[in-house]
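A.B. asks: This is what each chain is made of:
There are 2 protein chains.
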Amino acid sequence: MSKKYVYHFSEGSKEMRSLLGGKGANLAEMTKIGLPVPQGFTITTEACNDYYDNDQVIREEIVKEINENLERLEKEQGKKLGSDKNPLLVSVRSGAVFSMPGMMDTILNLGLNDTSVKGLAENTNNERFAYDSYRRFIQMFSDVAMEVPKYKFEAVLDRVKDSMGYKSDTDLTTEDLKSIVEEFKGIYKKEIGEDFPQEPKKQLMLSIEAVFRSWNNPRAIVYRRLHDIANNLGTAVNIQSMVFGNMGDTSGTGVAFTRNPATGENKLFGEYLINAQGEDVVAGIRTPQNISTLENEMPEIYKQFVDITENLEKHYKDMQDIEFTIENGKLYILQTRNGKRTAKAAINVAVDLVNSGMISKEEAIMRIEPNQLNQLLHPTFEEHAIKEARLLAKGLPASPGAASGRIYFNADDVVAHSKDGEKTLLVRLETSPEDIEGMVKAEGILTARGGMTSHAAVVARGMGKCCVAGCGEIKVDEANKEIRVDGITVKEGEYLSLDGSQGTVYLGDVAKKGVELTGNFEVLMGWVDDVRQMMVRTNADNPRDAKSAIKFGAEGIGLCRTEHMFFEEERIPAVREMILSNTVEQREKALAKLLPFQEQDFYDLFKVMNGLPINIRLLDPPLHEFLPHDDEAAKALAETMGISFEDIKKRIIDLSEFNPMLGHRGCRLAITYPEICVMQAKAIIQGAIRAKKEGVEVAPPEIMVPLVSEPNELRIIREIIEKTANEIIENSDVKVDYTVGTMIEIPRACLLADEIAEVADFYSFGTNDLTQMGFGFSRDDAGKFLNEYVERGILEKDPFQVFDQKGIGKLMKMACELGRGVKPELKLGICGEHGGEPSSVEFCYEQGLNYVSCSPFRVPIARLAAAQATIKNPRNK
Amino acid sequence: MSKKYVYHFSEGSKEMRSLLGGKGANLAEMTKIGLPVPQGFTITTEACNDYYDNDQVIREEIVKEINENLERLEKEQGKKLGSDKNPLLVSVRSGAVFSMPGMMDTILNLGLNDTSVKGLAENTNNERFAYDSYRRFIQMFSDVAMEVPKYKFEAVLDRVKDSMGYKSDTDLTTEDLKSIVEEFKGIYKKEIGEDFPQEPKKQLMLSIEAVFRSWNNPRAIVYRRLHDIANNLGTAVNIQSMVFGNMGDTSGTGVAFTRNPATGENKLFGEYLINAQGEDVVAGIRTPQNISTLENEMPEIYKQFVDITENLEKHYKDMQDIEFTIENGKLYILQTRNGKRTAKAAINVAVDLVNSGMISKEEAIMRIEPNQLNQLLHPTFEEHAIKEARLLAKGLPASPGAASGRIYFNADDVVAHSKDGEKTLLVRLETSPEDIEGMVKAEGILTARGGMTSHAAVVARGMGKCCVAGCGEIKVDEANKEIRVDGITVKEGEYLSLDGSQGTVYLGDVAKKGVELTGNFEVLMGWVDDVRQMMVRTNADNPRDAKSAIKFGAEGIGLCRTEHMFFEEERIPAVREMILSNTVEQREKALAKLLPFQEQDFYDLFKVMNGLPINIRLLDPPLHEFLPHDDEAAKALAETMGISFEDIKKRIIDLSEFNPMLGHRGCRLAITYPEICVMQAKAIIQGAIRAKKEGVEVAPPEIMVPLVSEPNELRIIREIIEKTANEIIENSDVKVDYTVGTMIEIPRACLLADEIAEVADFYSFGTNDLTQMGFGFSRDDAGKFLNEYVERGILEKDPFQVFDQKGIGKLMKMACELGRGVKPELKLGICGEHGGEPSSVEFCYEQGLNYVSCSPFRVPIARLAAAQATIKNPRNK
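Protein chains in written order, with the working numbering: chain A, 1 to 877; chain S, 1 to 877.
For the chain A half of the interface with chain S, some residues (derived, Cβ under 8 Å), not all of them:
# : residue
1 : ILE671
2 : LEU707
3 : PRO747
4 : SER778
5 : ASP780
6 : GLY807
Hints are computed from structural coordinates only; laboratory data are not their basis. Ideal placement from N, C-alpha and C gives every residue a C-beta, glycine not left out.
Bound conformation, chain A alone:
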């Protein structure tokens, strides 16, 4: 039997997606379950491939099948394509297996010509409607199928309207439209070199070919390459008879959701217009009516429609977004699809569907897009308030949430004003580590410079604090303590509001609504945790962040950056003293001052975490970061330390580096200054002993050595840690266990992960640095080209936001395999920012990681992503 290339809607089903495309399968499915769908047929994806296999010719055999199906359709509808009596009009649409931008748009009203337009006029008793439809068809066909630029037609319309003094298209008379049709046909002839095709079958075949051709237009090819969609899938073509909602008062058109897409409330939600076409709803000239009023206007139709929506939801087991048209008192369903919804609605719908037995808990979990949870985890502006607010500028959405406060231009002012409970925003050209205190106290942060990975952005995300970064439109005048933008000046102490999810800055104090993580959110996350097979920890450097992370479900700390503890005001002098020491003795003296602070830090963390594990990373960044950044601060320091200003300047220059990212940092510091490592090891163990003595449960601290590129580094530092720790433990009556491991963040560490595993108890992937070194991209500098790379599709995603699985992922995979090959019980985790990005979480799960760690506010996202990964591919227990 020869292959079948064309399927009537009644011959397909939703399972035939690969043959009929998404749209075709859906129309067939609705037909199958008895819904009133305007009938038609689908030309298969195989026909498209056949077209390409035959030098872009639609073979006779397929043409024959198309004609047979067309005849069948004409018979069913009692209409005839091109007829002057009862003309059949059809739409032509592309329909690939995966929805794909760049493919051909819709052509409506196909079948109209100089003859059938008269039939349509007669049949609908509406000559204006008929000619308006005809001119629309000419325009759409020329543009979409024949690539005649749209503006050539628009120019004619504009000219006519201008000359007649019309305001809108609806003012055009029948006579106007008739002459426009003639002019449009002239344009077509001029551009194409042939008369506008009067033969409807020719119109149809040209349109079908146009759909096939659009499969291989450049945009579609690029899209497929980026999304790994095979080139040989092909596209289907759908031919569907037209229905009209603008045939009078017993006609209409509308859109409805089976539930409220904002809240998830289980109540039909939607709107419609009587005597209108879909375009009219979109154009917004007339105000649509609420769907509930249809019950009064057309009770029969309403009842039928409600029944259909309920059936559709049950059939597809999800909230549906349904398009319908009423033609002369008869209801048609044009489309149904899973409805887009807010995070809140998504959760409510999913839990409700589970409760009503329609879907399983696993299905409910798979229904929620993890990143969408962001909406719920941060405060947002009240919708009404934001509509009224005055938008001042737009920057980068660096850290989500909404925040309002009086603006201050340095950390000290923020701290001072925050003391009295005043709400403040920190506004800076860009932030530096010295601003930390102010960032902690402020409600939100606004910077003029810096990208998504600038200091302000990274630190704010870590704190879960709202931040708009790189807002270049705003001139920040730190000296005069004011900002200027577009002629508006906002001075210190005046209110601004920031939306860190949008990157927008508003004047004044815009009203907000809070975070609500109870009810169905809790229910769903409970299911998530039941399913999940990978732990989720948090990156937290202090008890405040740790507490908020536990609230979000963190099961431990995956990264405690000890250097963040060094910036506080009362410590920085001792830190600087340590750095500027010229001898081991001097350095040890300074470190002795820091020891009590660090011990207290760890003690506090052990108390908050109360038995949950903590991974503590030893000092990582280049020492010069801690030094004063301007002469004034340097002078003050010189005075405090009793050394000369010149000496301090010289040391700062000595410590400066060409490429600090690749410089004297991480474990390299512990190799050259082992006494720093000794102090930190002491502080960890003593803090643990103190906590234990007070009855706090303390999980064995995980001591993490950063920036290891060579097994010997870890071997040496491990010895220092063990010597220090064991001596304290032996002299204590409290027993403390601990483990020693390393960040895997340097490419070479991945390559030698077998050798390193011999001296490591655990690995934690530092994918930020691994991405930097693996790509040769400095996060601080990549802004100059990375956006362009993503926009042009050179890279599919920003690799600092979404882990690069196919490149850097190979290194991670290699490290996991080499490490576990030597030491099967090696604990594996990730603490880069990717640990909270859903696709990266899934990748980590696939590599067999024990946990991911992310900033507190991303913990629920990571939990959900980890559960979804498990459902897709459960691990053997």
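For chain A, the structure is supplied; the task is to place chain S on it using the hints.
C.D. replies: Positioned in the frame of chain A, the structure of chain S alone reads:
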């Protein structure tokens, strides 16, 4: 039959190295061929392993074998250990399979005790000699076998000499020595808690155990780990009867080479002392005599010795370094080994041995240490002159060679004075790209700051120019144009001399000898080229370097860095104009000015290379490197360009980066500013056409895209190059072929080398950057810790000098395999500095590379290394 653990010298041979160790096998071999070797026996490496397998006890069975062999030795020698008549004395030495520092030293005179010392005195008729030998033995045994610190014994000697007013040990009388022996025994008892062992067999067994123990001392373990020597090889122990050259005028001792180790001349070369021990020759108190005088003093012995040396050379087929002792008119050979020699001698000896049919050409090639060739490729100081010269300071040996000249403190002064033929040296705190012109003209370069990979060092090596870098002792006062060191001031215009191979700086104009690459050097390099299966190219950016590389045997250019062409004085204004352009049009205008220069550059190179291939790398470094570095230069530029100083400053700040190494450079520039790439492609193709029109043979230019991390980058830039090039070629009547490929210098490029190969004609490994990113080491900053890493053995070698095969090498291997997997004909090369380092060259050969490329002066080294790699493991043709 039970295992044999002890071998008499007459029972072994040089093939039994793994059992007898290097030294034992050698003594056995000499015995076997009938040389007069003081006899003895070797305890095998298996006995050492047996010792460790049995809780560090020497089993009875082995003790028995030792005793049997000792008895046999006593019988042969007619002496007895510990006898008061005719005592046998022996030496005990460790002897591992591979020579290994950290292992036990020699113990001499074992067998002496309170009784046998008298026998020795009587036998030799020299009581002083006997007691001196005894006190030496106590000291050596205590130190080496029992770990009693040497200084405790030295202190006694010093005290006695001081109290008696003696100047040297030889002033000590017999009575002094007798009382010293008593005191030494007292020290032993105090330290060890037992009497000094009088039983010679106990002395022997303790010494043997000490050798076994030394196999596992920490230094030896670290050494084995670093050199991949298995821990289970074990060490052998050699027990050999003592002979004495200090028994009177018919005794003596000496060392001789079978040929001259400085020149290779085929004539016995050496010296000896009558009535002396080996120590005396080393101590230098008496002046040894030339070996030739022995012919008159002891004609019989001389003749016997000459015969033996000739036999040994024939037997070992190489120049020998032979130690001998004459005891009472009887000649003994104590050791023979291949003699150390200069590069010149090495070549002359090797060629001579081939000519005389003793070794093959391949063996001759394997005899030369490639790095040693460095001695020949650069001028050196006359030996007599350097002995008399005044050493001023020591820095890093940044680029080899010897140079003298009048010093100047900036490039302009160097250029100005060089015009008159004056020899100059450029002295700077550190160099920057703006100094290039001065570096070209100067004889050598001296900097106070910067390491082996600083700008000065890298550029100087590229030019083959002598450079001493990082000479921190010298205070360079650029303002006053003088240097100060140790109270000496050298002013502008005064002479200094630099030894770039040693890193030394001398006062005045020290005489030099030139480079001589004819004669046997040419002969040997001819053989090298016959054998070699991998090409050797050079890194060269201009005709001068290219010419010198061809002289050294380069077969093409493996890396032409086009940015080096941009620094010249007449071009830099246009370069800066290009960088500061705000629009594409402005940039294209500036580029149009550069085009003729670049075209000329390439045209000149094509002419010099005359048909040899050239790999041209497109612009690589961050643009801000080209901008003026101080306000003055910026102001001048602003004036020239007619824009404001503030604008220029702003643009310079905009272009500055936190981590320029990982910033906006390489192909990222071509992506954001494609017009730069267009200009360079034009210049290459037009230069080639012009050369061809003049009849020059032009190999298809290889256009190389730097810093690719993603296949799409190369795809886009390749399209730009092809469009530009093909347009020119189509409009020309001369046909030019070209290829497009990429540097592989980013880890991710290695990981995606299969995808990249689809759009690349060749790969060239940029191992400098690959090492930087793979290790996370910035070359410019790593000086702060890298030296310590190498000194402490954390890393075996500086990975910027010797390619890290086990780490970064995995990336290279992966890239070769992935690339060739997709495209078997993919051309592979290396252009990092490792391309001239012998072990790295061998690694490249093993990965199947088509060529290595290195700086001109390293080309012969790379050729030799490549030939040796081929001999070790020939490729299938």
